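Chains B, C and D: place on chain A using the hints.
Protein chains: 4
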Amino acid sequence: MKWSVKFMMNFRTDLALERRDLYRKANNIANEINGLETQEETIGENVKVTRVKVLNEEGEQAIGKKKGSYITIDIKDLKIAGEDEIQKASEAVTKELKALIGNLVADQDDILVVGLGNLYVTPDALGPKVIQDIDITRHLLTYMPEVLEQGTRPVSAVSPGVLGTTGIETVEILKGIVDNIHPKLIIVIDALASRSIERISSTVQIADTGIVPGAGVGNTRKELTIDTLGIPVIAIGVPTVVEAATIAADSLELFINKVQEEGHSNEFLNQLKEEDKYQMIKEILAPEDYNFIVTPKEIDELIENMSSVVARGINFATQK
Amino acid sequence: MKWSVKFMMNFRTDLALERRDLYRKANNIANEINGLETQEETIGENVKVTRVKVLNEEGEQAIGKKKGSYITIDIKDLKIAGEDEIQKASEAVTKELKALIGNLVADQDDILVVGLGNLYVTPDALGPKVIQDIDITRHLLTYMPEVLEQGTRPVSAVSPGVLGTTGIETVEILKGIVDNIHPKLIIVIDALASRSIERISSTVQIADTGIVPGAGVGNTRKELTIDTLGIPVIAIGVPTVVEAATIAADSLELFINKVQEEGHSNEFLNQLKEEDKYQMIKEILAPEDYNFIVTPKEIDELIENMSSVVARGINFATQK
Amino acid sequence: MKWSVKFMMNFRTDLALERRDLYRKANNIANEINGLETQEETIGENVKVTRVKVLNEEGEQAIGKKKGSYITIDIKDLKIAGEDEIQKASEAVTKELKALIGNLVADQDDILVVGLGNLYVTPDALGPKVIQDIDITRHLLTYMPEVLEQGTRPVSAVSPGVLGTTGIETVEILKGIVDNIHPKLIIVIDALASRSIERISSTVQIADTGIVPGAGVGNTRKELTIDTLGIPVIAIGVPTVVEAATIAADSLELFINKVQEEGHSNEFLNQLKEEDKYQMIKEILAPEDYNFIVTPKEIDELIENMSSVVARGINFATQK
Amino acid sequence: MKWSVKFMMNFRTDLALERRDLYRKANNIANEINGLETQEETIGENVKVTRVKVLNEEGEQAIGKKKGSYITIDIKDLKIAGEDEIQKASEAVTKELKALIGNLVADQDDILVVGLGNLYVTPDALGPKVIQDIDITRHLLTYMPEVLEQGTRPVSAVSPGVLGTTGIETVEILKGIVDNIHPKLIIVIDALASRSIERISSTVQIADTGIVPGAGVGNTRKELTIDTLGIPVIAIGVPTVVEAATIAADSLELFINKVQEEGHSNEFLNQLKEEDKYQMIKEILAPEDYNFIVTPKEIDELIENMSSVVARGINFATQK
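Protein chains in written order, with this note's numbering: chain A, 8 to 327; chain B, 8 to 327; chain C, 8 to 327; chain D, 8 to 327.
Hints listed in this document are in silico derivations from the structure and should not be mistaken for laboratory results. This one's a predicted model, so the numbers in the text were calculated from it and none came from an experiment. Worth double-checking, as some hints may not be accurate.
Which copy is meant is left open, because identical chains are indistinguishable; a pair holds if it fits in one copy or across any two.
[Claimed, not checked] Here are the computed lysine-lysine pairs in the DSBU-like style, where the Cα-Cα straight-line distance is at most 35 Å:
no., residue 1, residue 2
1, LYS191, LYS229
2, LYS229, LYS83
3, LYS32, LYS105
4, LYS95, LYS105
5, LYS83, LYS95
6, LYS32, LYS191
Bound conformation, chain A alone:
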């Protein structure tokens, strides 16, 4: 079947919103894709929230994402953000996250926050960095409840490391912890791949469907979902890398469009537009050996700012 093949090969992004846009473009769909429902909201000048709902199997097939909610928060100019912008962006995260949590568990149900990734690989360090700033209450409720307000929710947090440095699948570590401490909900933070360098560390995707770590960049691991962990999993993903071949393919598309606009249009170029440029670029680049995954030069600061946004967003969403 045509599209299931395309989806396996093509999206090169973990963002449901980007997949939706790619699918609509590729199939010349002017309105909504069958099986999806999308809603947009603009907050102030710098924040845009897009809520994509995958309603059924048809929607799943189209964009290769499980049935559920995928909320994208795009934050303009977070890269040069001051304290105010970080605060506003984190409030947007809090609002969306709080709504999803409220749908899944009760007010004082135990939540485990999980920071995926490798602290020593800058574009992969977001998860562990967020964990450092999460307000942990579970142990205080046990040992010194008097220091907490009445009704505080138990929150705990771990950075399980990555397969390459632990030798253990993340799902194995988390399953063990879940079985021992019995949280009611997991919030997982992960770094994602995107199509767009612009979105690097400027976008947050919140999904109530869990995640498959590393899905966006080709190294599939066992998924972290209600199916594998037995409790609901909310995934907070932030794009931090882009494939070099994606940059090449996207710029090639822009280039062909420009050429055609300028009247150089001809049969051959039209035909090119029909083809899978990403695949062609991949093949062309392969012998040159630069199928690299890249990240902006400023990634250290981007990760720093974004981990403040996400940590605050979680802290206010998990407590009253």
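Relative to the frame of chain A, chains B, C and D by itself:
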């Protein structure tokens, strides 16, 4: 009972060797303590190995350590160590560790290495730093066995974090992982308290009895032993902190000794020697509010050198 | 002469305030020392400001500090400080610093901020860490003045490193920079030694007399003063280390006091009080080889909080 | 004039070797460019050394590099290098560097090593990281000459920071230090831009002409050369970033070549090849706002490995 009280209040060290020395001194025991067995070995000019065996309950009562082997490796001048000294010290660790492992599990049995501590608190960062340098094979044996030699032992490694930043007892996290990945042996690395600033990051204690994290500095946690985890636990501990009150008490003892040697001896000073100077110092210091735990100024480099020693020691002990 | 000898050997602290207290105690001076002038102020519940002025040579002889102003800001519980306490403490720094700057240079005169110390030695990392957070304007005034408000003062900042890692005296590096960029004032940030573990990273000393790096801990370097650099030097010092022998000596003093209060007083103990206990302790400890310089276990976090206090204090003091 | 314009706009690389290749291709030059002289050497399986000499003004005009030697050491698979590869690569650096040093100064002449860049921006951290591992002798020769071998050369090292964090031009800082400590030669380490992601942290360029920091990525600063500093400057540069637009333009070129090979050739595509694709891509990309500078995801480890290579290379080249 006099001594069980003394042991609860007095040792201020996690090292079995220091406890033995303190107990012998306090009780004027010239030879070995009943219930202990001690053996010393000197390797080259800079390494001294002392093996203290706690044989029975009498030994346990005396030094407050479980029945089992406690091997102390003192490395002279590790602080200013070059590559050669680090290599020699790590070989001493390998030799002792290999013997203990051989007593507990078979050659290809799965081992989980656990780095306790907090990466962001320098004197507590040894465990997580060692984990970074452990040669992990468990995932390779699953996914790419062809890159490994025949007979490679599966080794995995985690840094579970500390209660204060996770909200979860270490034993809860480890129990979960053990139940899911079924290793046959755990090696735990932890930072310890010692009586002696000289020993900071110059001494390694290897014990086949597991550990109680934080035992040395007053914040007891649930123990990590075969009783709580269901498999044998080897503990590798390195002193990284000393209590300020210990420095004060020890120097006071030295002072009184000096005074008496010089003939100023008198009834009052003799009486002082009988008393629990540590407790008195603690009481005197309390209103001044400096019951601090301290570490040498050079702790960053000490931790760096020692984590190389321990990681290499483990890597060579776990593989042929 | 008795006291000049004592001062060379005894103070073991870089804080003028502590030296004054030690001198008064040693000499049983109930009121002010000749040649000094002291003023105290309490701000809110947690901040105490003490301004010691060394008026003349007699004052210089007494406490071994150059003629000038030494302002000590003690901040209670900075160790567990939240955002509010850090803000209040930084405001106290700003106020005192602004007054000193106003005495020395005009409103728009060029200032160079210098962070002494070694980023890789935690208790010595304060200077380099503060530099990261200084608001730099000098290059913007040259290249993009339009982004700055009218009347912005040119501020630049360097971390010159330490002799052990550069091979160059700090004064040589700074002299070169001063000769090339011609600032009108230097503000130097440095880590100090104190008598008191309590003061570690809880106290800021601001002096208009410059500094001799490492003076407090025995490794004297060439001084950084108007005499060596040709322009006024304000020194901001924060205690981050204590000598182990100081802990021992001070606790011994407390001990002897306690013993005497309890009526055990006798000729010998009285005589001890007259003597130089620090020196005796040093001698006793020497063969044991633990003349260590120590720092609290929590030094990473202490340095983090204090570098926020100092950086903000400087930023608001250097700009309107 | 055509070529001077092209060189200003086009090379997008700091490597003389890449500029030479681009120039030859653009001008269909089969042999050597007038004014250049090139020599290649292969060492073992993994190291290739190319020595480009710019002989005169004609060569300067062609590749926009000053008269002098530009030695490129390409190291295959440094990314996954073990201890052996790092050692071999550093030996290649030592050999080339030693020859250049020998041409410029005498055996015991004082050398100052300068690590340019920003420690907190991973792809820009190479310089400061190398400095940490340089064997410094200048202060020992002054204070403890007895610990050094006879004939040790005085070596010192600084990391002056970057304009954005100091507010001071690097040349102003270095001029000051040179005037005060009078070294006879400066070795500067800097991160470069390259055309090729493959070369990121796999290539070292050594030049005896000094450098203009940031030249490759558009933010020109005052040059560091014998003209500005008064003593010879050897520059060691390592590519760590690539412009996203370069990836796009290079892949577009590959794409057009492929299309033509496949017989789709036509007038329009031929014409495209003549044009400045980089400029066109830049213009197309501009409205999309992704004129980013990127670096591989693995940059942390690449920098770590390469800084070992360079530091060892320098240490063995500066001492006998």
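Is it within, between, both or neither when you check LYS191 against LYS229 at 35 Å Cα-Cα?
Close inside one copy (21 Å) and across copies (24 Å); limit 35 Å.
Could you figure out if LYS83 and LYS95 sit no more than 35 Å apart (CA to CA) within one copy, between two copies, both or neither?
Classified as both; 11 Å inside a copy, 33 Å across copies.
Given identical chains, is LYS229 near LYS83, meaning Cα to Cα at most 35 Å, within a copy, between copies, both, or neither?
both (33 Å within a copy, 33 Å between copies)
LYS32 and LYS105: within-copy, between-copy, both or neither at 35 Å Cα
within (33 Å within a copy, 58 Å between copies)
Regarding LYS32 and LYS191, is the shortest C-alpha distance of 35 Å or less found within a copy, between copies, in both, or in neither?
neither (40 Å within a copy, 54 Å between copies)
Treating 35 Å as the Cα threshold, decide for LYS95 and LYS105: within, between, both or neither.
both (15 Å within a copy, 33 Å between copies)
Of the numbered hints given earlier, the model fails hint 6 alone.
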